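Build out the structure end to end from the sequences listed, making use of the hints.
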Amino acid sequence: MNYFETDLTKLHNQLVNKEISSVELTKETITNIKATEPAVDAFITIAEEEALAQAKAIDQQGIDPNSLFSGIPVAIKDNILTKNILTTAGSKMLHNFKPIFDATVVEKLNNAGAVMVGKANMDEFAMGSTSKTSYYKMSKNAWDQTKVPGGSSGGSATAVAAGEVIASLGTDTGGSVRQPAAFNGIVGFKPTYGRVSRWGVIAFASSLDQVGHLTRTVRDNAAMLNVLAGFDYRDQTTSTREVPDFTANLNGDIKGMKIALPKEYLGQGVSAGVCETVLAAAKQFEALGATVEEVSLPHSKYGVAAYYIIGSAEASSNLQRFDGIRYGFRAQDVKNLNDLYIKTRSQGFGDEVKRRIMLGTFSLSAGSYDAFFKKAAQIRTLMIQDFDKVFNDYDLIIGPSAPSVAFGMDYKPEDPAELYMYDVLTIPANLAGLPAISVNAGFSEGLPVGLHIIGKAFAEDTVYRAAYAFEQTTQLFKQVPNLGGQN
Amino acid sequence: MAETELTREEVRHVAGLAMLEFSDQELDYFKEQLDDIMNLIDVLNEVDTTDVPATFTVTENRNILRADEGINAEQKDELLARAPESENGLIKVPAIINESAGAK
Chain A
1 MNYFETDLTK LHNQLVNKEI SSVELTKETI TNIKATEPAV DAFITIAEEE
51 ALAQAKAIDQ QGIDPNSLFS GIPVAIKDNI LTKNILTTAG SKMLHNFKPI
101 FDATVVEKLN NAGAVMVGKA NMDEFAMGST SKTSYYKMSK NAWDQTKVPG
151 GSSGGSATAV AAGEVIASLG TDTGGSVRQP AAFNGIVGFK PTYGRVSRWG
201 VIAFASSLDQ VGHLTRTVRD NAAMLNVLAG FDYRDQTTST REVPDFTANL
251 NGDIKGMKIA LPKEYLGQGV SAGVCETVLA AAKQFEALGA TVEEVSLPHS
301 KYGVAAYYII GSAEASSNLQ RFDGIRYGFR AQDVKNLNDL YIKTRSQGFG
351 DEVKRRIMLG TFSLSAGSYD AFFKKAAQIR TLMIQDFDKV FNDYDLIIGP
401 SAPSVAFGMD YKPEDPAELY MYDVLTIPAN LAGLPAISVN AGFSEGLPVG
451 LHIIGKAFAE DTVYRAAYAF EQTTQLFKQV PNLGGQN
Chain B
1 MAETELTREE VRHVAGLAML EFSDQELDYF KEQLDDIMNL IDVLNEVDTT
51 DVPATFTVTE NRNILRADEG INAEQKDELL ARAPESENGL IKVPAIINES
101 AGAK
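Sequence order for the protein chains is A and B. Going by UniProt numbering, the first sequence opens with residue 1, and the numbers climb by one from there. Going by UniProt numbering, the second sequence opens with residue 1, and the numbers climb by one from there.
Careful: at least some of the hints might be erroneous.
What the hints assert, rightly or not - To be clear about the criterion: a stretch of chain B counts as covered by chain A if any three or more of its residues have a C-beta under 8 angstroms from a C-beta of chain A, and this derived list gives those stretches:
#1 49–62
#2 81–94
Unchecked claim - Below, computed lysine-lysine pairings styled on DSBU-like, alpha-carbon distance capped at 35 angstroms:
#3 B/Lys-76 <-> A/Lys-137
#4 B/Lys-76 <-> A/Lys-108
#5 A/Lys-456 <-> A/Lys-301
#6 B/Lys-92 <-> A/Lys-335
#7 A/Lys-283 <-> A/Lys-478
#8 B/Lys-76 <-> A/Lys-92
#9 A/Lys-92 <-> A/Lys-18
#10 A/Lys-335 <-> A/Lys-56
Just so you know, these hints were derived from the structure itself, not from any lab. Quick caveat, the model's predicted, so the values are computed rather than measured. Glycine included, every Cβ here is placed at the ideal spot set by N, Cα and C.
Have a look at this one:
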């Protein structure tokens, strides 16, 4: 199966018309994954046996003509629990962890008939922008294997961009779905905070985390949100609001839409090629009948600092559960119980995770709380107020998804703070809980440039409408990378 | 711009709170990296946040309650099978106090 030349609807019709069975599709998918993996290293686990059993069961029941995902192979980021299938979160800490239940989003995909073919590589505990902090392997960019795939959902992005699967799940705490989608020229979406359940997703920063998903086209992406969205009694942050059909208004008509372009999003640190591409996209929206006007989000520049305090503080609390007692890695040769905790955590976590636990613990500690954690939470309020002001007058905000195209695998910034700045454009949507998408807007230096579109809370449909109209005009999804082993 | 720099003792104290231990060399490394991050964070002091309320969550929901009932009790064996060590239906851990201190 060549996923570059199809989409969910076409595949679904082939499955319904019995031109191909789910077992055949799954087998072809796994064969292609095995041929492509040496180039991109997108997966930590390929669940061949389980996937074929799942596909067989679906063929026996019959493809559900009312479910687009019935019989369709998908990939899942490795911090999302899959029952009895290794779930490592990219960490040595969970090198042997096989969960006893499925995350809600996995359960929903299963119920829709999707076939889980593998667990995608990621930065350890989703902390990173390159997927290089994974304990297991380094995933590569689908367009150029000497470049990073982005992160933390780098494996999920590369798997779709390299044509290994048609759709994948990721998670997005500060841009971890949208930035790797941008680097790989595909569509990555982060829903409104509360739209999709996080139950069974290994928590990083609970006030920011959302499950997101990656596809090659906007329509496929909207169709996937239809499956994933909705209230879940097991995640009390999920919204009880009605879930619309996100594919309903994808008709290319965005006449009269009011789009804001914050001047801060094209500011210092954003490469010339990225700026040009995004300005050209703005012109495209105008040509489609939307208005695009410059606005200001004055507190944007504080987003990264506020995010690293809040995200690390919440992570330091969430990651307390990894203590070597109930599951996962346990250190040997310890003196006593306290020593077991300390040695397990010191040997089980990698450097980036330790850095954030340290920063977070410090920010919450006596004497630092007001100056750091509370201060960051106040800045968060000011950033939300900036967004509210703009959204009084505009439907959407656009900008780049990342300051540059994908950088080299061997790029080593002088200090970690330099790498953190790569998240400056995606972080604000997490701090404010807003829905946002990255869609390919063109190429610079031969690599994809992501256009970032942010919407009002729970206005995912507007985000999708604009992204779809843009994508249909540019037809950029038809451009695909050249990879050895692709059939 | 004010610079926040942590002392080695502060870094060691925070590591203790976080249940992490570092060699002297690692301590220097993490101290340097934390100082770099503190530099980045110092930018927040430019903003006057007097009387600005803090935002700790953006959820619309508050206090969703459910019945206080035990569920999934049948998963006990599966859960125990995930523990690094177990015995007689319990998770096994080392002694709380050093064995050399005379307690078991």
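Evaluated hints:
1. Counting residues of the stretch 49–62 of chain B whose C-beta sits closer than 8 angstroms to any C-beta of chain A gives 11, which meets the bar of three, so the coverage hint holds.
2. For the stretch 81–94 of chain B, the proposed coverage by chain A is satisfied: 7 residues have a C-beta within less than 8 angstroms of a C-beta in that chain, meeting the threshold of three.
3. Of the supplied pair hints, the one linking B/Lys-76 and A/Lys-137 holds, its CA atoms being roughly 34 angstroms apart against a limit of 35 angstroms.
4. Of the supplied pair hints, the one linking B/Lys-76 and A/Lys-108 holds, its CA atoms being roughly 25 angstroms apart against a limit of 35 angstroms.
5. Restraint check for A/Lys-456 and A/Lys-301: the C-alpha separation of about 21 angstroms stays at or below 35 angstroms, so the hint holds.
6. Proposed proximity of B/Lys-92 and A/Lys-335 is supported: the alpha carbons are some 15 angstroms apart, at most 35 angstroms.
7. Only pairs whose Cα atoms come within 35 angstroms are accepted, and A/Lys-283 paired with A/Lys-478 is accepted, the gap being roughly 21 angstroms.
8. Distance restraint check for B/Lys-76 and A/Lys-92: the Cα-Cα separation of roughly 25 angstroms lies within the 35 angstroms cut-off, and the hinted pair is therefore satisfied.
9. With a CA separation close to 43 angstroms, the supplied pair A/Lys-92 and A/Lys-18 exceeds the 35 angstroms bound.
10. The suggested pairing of A/Lys-335 with A/Lys-56 is violated, with an alpha-carbon distance near 50 angstroms, which exceeds 35 angstroms.
Hint check: violations occur at hints 9, 10; the rest are consistent with the structure.
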